[in-house]
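Just so you know, the sequences run in chain order F and Y. In case it helps, the numbering used here puts the first sequence at residues 615 to 1025. In case it helps, the numbering used here puts the second sequence at residues 5 to 354.
Worth flagging that the hints you see were computed from the coordinates, not collected in a lab. Beta carbons are placed, not taken as given, at the ideal position from N, Cα and C, and that holds for glycine. Be aware that one or more of the hints could be misleading.
Cβ-Cβ distance ranges computed for the label pairs, FRET-style [claimed, not checked]:
(1) F:Ile1012 x Y:Phe316: 53 to 63 Å
(2) F:Val861 x Y:Ala233: 32 to 42 Å
(3) F:Val736 x Y:Leu124: 52 to 62 Å
(4) Y:Leu124 x F:Gly726: 28 to 38 Å
(5) F:Val831 x Y:Lys341: 40 to 50 Å
(6) F:Ser630 x Y:Val210: 36 to 46 Å
(7) F:Leu958 x Y:Phe309: 56 to 66 Å
(8) F:Gly794 x Y:Val163: 30 to 40 Å
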Amino acid sequence: MKGFRSRFYTSYESESAILPTRTQKVTVAVLVVLVLLAPFGVIPGMRFLVEEPSWFRILARMFAFGVAGLGLNLLTGVAGQVSLGHSFFMGVGAYTAMVVGGEGVGFGTETGFIGYGLPIWVWLPAAALVPAILGAIIAPAAVRVRGLYLAFVTLGLVFIGQHAFRNMRRIAGDSEGGRGFQALELGGFSFTRSTDVLGQTVHGNAVLFLFFFVLFVIAVLFHKNFVRTRTGRAWQSIRDRDIAAEVMGIPETRYKTLAFAVSSAYAGVGGAMLASLAGNPGPATWDLNLAVVMIAIVLIGGAGTTAGPILGALFVVILPELVEGATGWLANLAKSGEGMGATLADFVVATGPADFGLISVIQGGSGISVFDFNNIIYGLLIILFLIFEPLGLFGIWINIRNYWKGWPFTY
Amino acid sequence: MSPTVFVLAQSTLGFWEKLTDPFVGAGFLVNFLVLGSLYSLLAVGFVIVFKATQVLNFAHGAVAALGAYFTWSVVIKWEIPVRWFPEGSAFSTKNTESILQPYLLTWVVGLILAVAVAALLGLVLERLFVEPMVGEPLFSVAIITLGMDIFLRTMYNDVIGVRSKPMGDPFGFNSWKLPVGDQTMLLFWAQPFIIVVGIIVAILLVWFFRSKYGVAMRATAFDQEAAMAQGIPVSRIFALAWIIGGGLAALAGTFFAMSPPGFTGAHLFLPFIAFRALPAVVVGGLDSVPGAVVGGMIVAFIEIFLGTYFGFLSDWVGNGFGEIIPYVVMFVFLLVKPYGLFGTEEIRRV
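Chain F on its own, in the form it takes in the complex (with noise of 0.2 Å):
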């Protein structure tokens, strides 16, 4: 145990590194490998991902959110400038996907899409360059203003967007349906499909959920290696003072212009990861509510941090889900109608049209939907994580993490 606990950097390189200590080296390559064995169900934990390959579908959303998210983190995280627009660039980025690699129906005719039906190593790039180009035009406008009334300037874009998207039918769809997203296929290999491999099927899903690892990953890299250079040092010397930043020489214009460029093309990749997932994703989607999710995965993570959009993402995902299944498990409480748990339970849910209820599980009932409660849950854990815990998910883990290291002299 000599020496565990005074484990100091002795060199730049060694502090810099990507994963600077054991720990970390360890816990992300167990990450990685859990992982990479999922969707193979050797592992008996995590067999009911395979029993269940829906979850996989779920996991590859968090994927998509967590590219976004590691965009936004880039530009409020560490280079300090408030969007309120993500959404905006998701979309852009989305129909760049679809009318690069979507096919064209009825190309040339006044009602049918505009497609080029292009590879995805053409359609996947420019998803990353058309929303990093308007995020440079853009960011002139953006960088003469600053704190909250760039927050106004990036909210206005949120608007803006959804009348262009609403209103550009040959590139969006209907603002009813929407437009199909083109199948993921990499030379004749399709993403969706169930494939086998080593002598095991493993499902469409599974297959889904692996390539966006891989690009999950790549963004990562890329978000690590851009906080650790001297692009991430100019930056985060301008979020903590611009003034003193620029006397010392950084040029802040050129580097704030970087920073929309930049997560614009991280939202333009999510946006068009995300969208693939819904298929036809309408003008609606790119709203601002879904803004203010992006905004919620960097402050519920941790900004300016790599792990915290991570964590974000996977709370923003996970958490649906839990309160569905919580409501479901309580619904089902109730109509066994048995002991004290079962009245309790027919208090919080509704389950009938006469039955009173706080969240009601059927159409019509009394209540707020399970749809509404959880975007209520939303609201207030931004909320609470602000006033209770500002470094967010990833604050905890620090608080934990320096109460064992010197437990047990925890004063």
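Please build the complex by placing chain Y on the supplied structure of chain F, with the hints as guidance.
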């Protein structure tokens, strides 16, 4: 998004004929003044909260929508105060048979009750969520209000349902028929009413800022610690600002829901009206009450002007483009004047 009640009936006139037509011009003027009053009311609510507490209240629209819902509950659903009067007394009957046409007096009593409830809501929000954040970064508090917005908006959506809730018209949908040119224009009594209430509120606010509490609020806005050292109860001033903000929001929300000629009622998109008033705040300057009024008027002017005379643009930029014009105006303004027309420029010390 929200119904474009302010846009005149599409006429077949050409652009130049429209520009010189007195009928179109009169309609434009009325619509502009009504929308301007509504935006100003909303923007002033924002600004008062921001000026006193440095908090940008993104939940303003949700509070406004809930205020409209309160008005509906009090006036239409529970019929307060009519139900308390015995049968046969002067107030026991309504204006006519329709429930949507209450007496002006009963309607105003109901509106005051609703405004009081919304003010209370503002106080509760401030004490629960904003007070613990004093001294934290401004951005964190702004995000907290976004959280408040989500959960208030969800509750609102839940109580409002799919059918919009009418506010009723205390003037019995009466209108003047004004001869303009060779045509007759309908001017609903409620339209000048909204404008007049807007002006009265503006005068009351000017008076308020000259009173003892107003001076205390200005001192708090200038420097919280120095104000505290002078014996000003800063915490109470914060609460007061949120109470006024909530009340103004409810007033604006109700007027938006009852504004002629649409009389659309409180619907699912009502909470977003405040986001359309945000550009008015930015144009006027975040911390200036007169600026909010001027900003509201400017944004409403451009929105209605383009909607009235440039309606043909919708062929190129899509239907309902009037709703995003405030944001475009805001962009242009921020490029020219980053702190708005009347806003205090942030002096940054090194």
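Hints and how they fare:
Separated by about 59 Å at the C-beta atoms, isoleucine 1012 of chain F and phenylalanine 316 of chain Y satisfy the suggested range of 53 to 63 Å. Between valine 861 of chain F and alanine 233 of chain Y the CB atoms are about 33 Å apart, so this pair conforms to the stated range of 32 to 42 Å. At roughly 58 Å, the beta-carbon separation of valine 736 of chain F and leucine 124 of chain Y lies within the given 52 to 62 Å, and the hint holds. A C-beta distance of roughly 55 Å is found between leucine 124 of chain Y and glycine 726 of chain F, which places it outside the suggested range of 28 to 38 Å.
A beta carbon spacing of about 45 Å between valine 831 of chain F and lysine 341 of chain Y agrees with the range 40 to 50 Å that was offered as a hint. Distance hint for serine 630 of chain F and valine 210 of chain Y: a CB-CB separation of about 58 Å, inconsistent with the stated range 36 to 46 Å. Taken as a hint, the range 56 to 66 Å holds for the pair leucine 958 of chain F and phenylalanine 309 of chain Y, whose Cβ atoms sit roughly 59 Å apart. One distance hint, 30 to 40 Å for the beta-carbon pair glycine 794 of chain F and valine 163 of chain Y, holds here, with the actual separation near 36 Å.
This entry does not satisfy hints 4, 6, going by the numbered hints stated previously.
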